[in-house]
Amino acid sequence: MLQPFTSAIAANRFGLGARPGDLAHIGNDPVGWLRVQLKGAPPALAAEGLRSSADIIAQSLVVRREIRQARQEAKNGDAAALEAVIKLPKLFRPLYIAEVTARFRQAAATDRPFLERVTQFWTNHFAVSVDKVAVLGVAGSLEREAIRPRVLGNFTGLLLAVEQHPAMLLYLDNHISVGPHSRAAAIVGRRNAKRPVGINENLAREIMELHTLGVGSGYTQADVTTFAEVITGWSIGGEAGRFSSGAPGQFVFRSELHEPGAKVVLGKRYPDNGIEQGEAVLRDIAARPATAHFIATKLCRHFIADDPAPAAVAHVANAFTSSSGDLPTVYQALLTAPGAWAQPLSKYKTPSDYIVSTFRGLELPVGDGRGALGAFEVLGQRTYSPGSPAGWPDRSDDWSGASALMKRIEWADAVGQRVGGRREAAGLAPELLGGNLSANTSTAISRAASAPQALTLLLAAPEFMRR
Amino acid sequence: MQSFGRRRFIQSGAWALGATLVTSGVSFARADADTKSRFVFVILRGALDGLAVVPPYGDPDYASLRRDLALHAPGSAGGVLPLSNPFGLHPSCQFLHECFTARELVVFHAISSPYRERSHFDGQDVLENGTVRPHAVQTGWLNRALAAMPVRGGAERERGVALGQNVPLVMRGPAAVTSWSPSKLAALDDDTLQRITDLYASDPLLAKRLADALAADEIAASSQAMAQGGTRYGEVINAAAGFLRREDGPQVAVFDTIGWDTHANEGSAEGQLAGRLAALDAGLRTLKEQLGPVWKDTAVVLATEFGRTVAVNGTRGTDHGTGAAAFLLGGAVRGGRVLADWPGLSARALYQGRDLQPTLDLRAVLKGVLQEHLLVPYDAVESSVFPDSARAKALKGLIRT
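Sequence lines, in order, name chains D and B. Numbering-wise, my numbering puts 454 at position 454 of the first sequence, and it's gapless, one number per residue. Each number in my numbering comes from the position in the second sequence (counting from 1) with 1000 added on.
What the hints contain is simulated information worked out from the structure, not anything from laboratory work. Don't take every hint at face value.
[As the list claims (entries may be wrong)] Covered stretches of chain B (chain D as the covering partner; in silico rule of three or more C-beta atoms under 8 Å from a C-beta of chain D):
{"#": "1", "stretch": "1114-1120"}
{"#": "2", "stretch": "1292-1300"}
[What the hints assert, rightly or not] Computed, partial: chain B to chain D, Cβ under 10 Å:
{"#": "3", "residue": "Ala1162"}
{"#": "4", "residue": "Gln1165"}
{"#": "5", "residue": "Val1167"}
{"#": "6", "residue": "Thr1192"}
{"#": "7", "residue": "Ile1196"}
{"#": "8", "residue": "Leu1210"}
{"#": "9", "residue": "Leu1214"}
{"#": "10", "residue": "Ala1264"}
{"#": "11", "residue": "Ser1268"}
{"#": "12", "residue": "Asp1319"}
Glycine included, each C-beta is placed from N, C-alpha and C at the ideal position.
Build out the structure end to end from the sequences listed, making use of the hints.
Written out as structure tokens, the structure is:
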């Protein structure tokens, strides 16, 4: 397997982009370099300004109360009413910036980039999107609290933690989903017969379709609806009115919202034992072959090729099933899957990959506040905002548009102009691209008219656009 | 309130969906349509609630199913804008209503693609790929239609433009298309650009994309509309108009919008959805204004992947459904009509007991527009553009001739 380019593939395809010295360090043992990154607890993200989701949501509940009051007192269109509306974004935006800055710093500096890439993979797999204001402040904490600590654990543990995280419950509306025969429904119905009370099937559907089984794997609308009933009561503590129990901002099971009774999901009967009913369904879904196949397909698509060979998917799915979803075993299977080390480079970098690999390769410092994050927005991949629960797409065609390429080149040129005088592109190119560096690119860099232009050419090179 | 039966043909003027409109065969249109016609396809991602944007306020079951979300009859506070009974238009859609009055808008209801499940992502895939199955092909019907259009005089050029950094599936395929989006970054100097062009000479994908981007920038830069902005979709729509106004520019533009997935707190005359509709409506008004004289040659289709549940869910919103609404507007459109084979909202009439029963295939509309407006040959429309669509016969008479 060992070729001149394997160390570069380890650093760029499985990692987040080589830094100067990385390829020499990887040397003759790219698989060993990747495997060792899976040993030891995943590092926690710590930075100033990061707060727990419970803390943030508890504060937002107070703000929401103030907004309601202000609205009652002020007339519509009045300055006070308008002021109230922007209170939540004002609270959340600095939290969002702190989260994405910390995440970007981690990606740019980590010595365990394989681990960071799988973390980002899972965040995109279990996507929330900050175009929904309710999750703007807590999207980062979903990754930090539910995903990051569990990326080296078992898939079922990861799944349960994500589906019970307040950010996911808020994003897919489950915190306010009410069983039609629950105690809460009976009370509301007595008070106001006209007010609709019932389930919201959003989370149940996306768990089956996007998080586990995959669409078209055989579940029915009835399975979705029943599963939605099963997870009624999975909610968040401290909300006003009918949802007032529990510690503010934390996951809570509200038996008063839960649809009573045994339920049949995917042909299996689950007795009504409260929160455990939903957890049992999730555990069974996680263990189904369709889930192994779906997760393996997405992993292979992310790491190997847009359309991975069936043999590669089967190899990873087998590892998933035979290890009962042990994630390090699954990641190691990726490294031995057919095509994992293939040339030519088949994956076109996403904007995020492109920016992070540039920062790593040029050892650029991630600055404070909004400035460092603008690149993600300009290049079309604002962190935590894929726009839908399906997450960002993961194929070349989704990212290689003409306008997208032009922006990437313009951004590369801006970087070249800024730091080109202090970097030596000709020396850097083999450090970052190793055996993937083409003669064309070397020649173009060596003939560049200026140091900044040489750096722009390195960053714009076809082999730097791919991994 | 006017009462009507379980199923009723809704029509205005002399049109009946079953009889006059549905025929197949060759279309007759003005001779220069192939070069003058402009087409815009707007994808409303997230499943727009057809019963909110085109509320059947006169349907006897509507108010009880929609509860707080129900809109009131025309004339009352926050009431719908009148179309033809039982249908109204959401009060946020002032511009669309002006188009209806000016006979430049056709509203379709109880319409859907052939997709019958409830996944956004598969639903959008079918909406864009033009087949009957998700992920059946990696190209889009609109691109295949462009590829089948008669070649115009002169050099081969981009026939379509996607407004956005990347090209959505509906526009991917064999025909040359480009994408454009506004940039805040400084342009490259010519020397660096030339060197990158040389560097890409041996990389077909990047070479093609870069050439497309340069061509698109040239067109966009020469469009005076670029300086304007304002509304939510303003910049993108100004750019679209800039491309389409050019005599030698692309004839087809596509852009997509998100934010229609209203599971909770959807609102009615005011609220979340109302605000988004108002922004879309304002964007369409901008499009008409910016197109100027080209508007009379333009047809715009707005479509979504599927509709939403008829009943309100437990969180004052609606879940994924089936039958939806769609719009065809523009100066080239023979409008002022609602076309719907209305199935009604009674319990028995609903699809799977929960959704608006689809009675019109979206492909019938698209096929009609492609043939009459863009003069895409009948054989291509029936085979390469929309395979397995024989039962969705092209609607005729949607375009002025």
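Results of checking the hints against the structure:
Note: the stretch 1114-1120 of chain B has 4 residues with beta-carbon separation from chain D under 8 Å; the three-residue rule is met and the coverage holds. A stretch counts as covered by a chain when three or more of its residues have a beta carbon under 8 Å from one of that chain; for the stretch 1292-1300 of chain B and chain D the count is 0, and the coverage is violated. Annotation: interface hint on Ala1162(B) holds; nearest CB of chain D at approximately 7 Å, less than 10 Å. Given the 10 Å rule on beta carbons, the hint for Gln1165(B) holds: about 4 Å separates it from the nearest Cβ of chain D.
Residue-level restraint check for Val1167(B) holds (minimum Cβ-Cβ distance to chain D is 5 Å; threshold 10 Å). Evaluation of the Thr1192(B) hint against chain D yields a held restraint, the C-beta minimum of about 5 Å falling below 10 Å. The closest approach between the C-beta of Ile1196(B) and any C-beta of chain D is roughly 5 Å, which is under the 10 Å cut-off, so the hint is satisfied. At a threshold of 10 Å, the smallest CB-CB gap from Leu1210(B) to chain D is about 6 Å, leaving the interface hint in force.
For Leu1214(B), the shortest C-beta to C-beta distance to chain D is roughly 8 Å, which falls under 10 Å, so the interface hint holds. Given the 10 Å rule on beta carbons, the hint for Ala1264(B) holds: about 5 Å separates it from the nearest Cβ of chain D. Contact between Ser1268(B) and chain D, as hinted, is not supported at the beta carbon level, the nearest pair being about 13 Å apart and thus beyond 10 Å. The closest approach between the C-beta of Asp1319(B) and any C-beta of chain D is roughly 5 Å, which is under the 10 Å cut-off, so the hint is satisfied.
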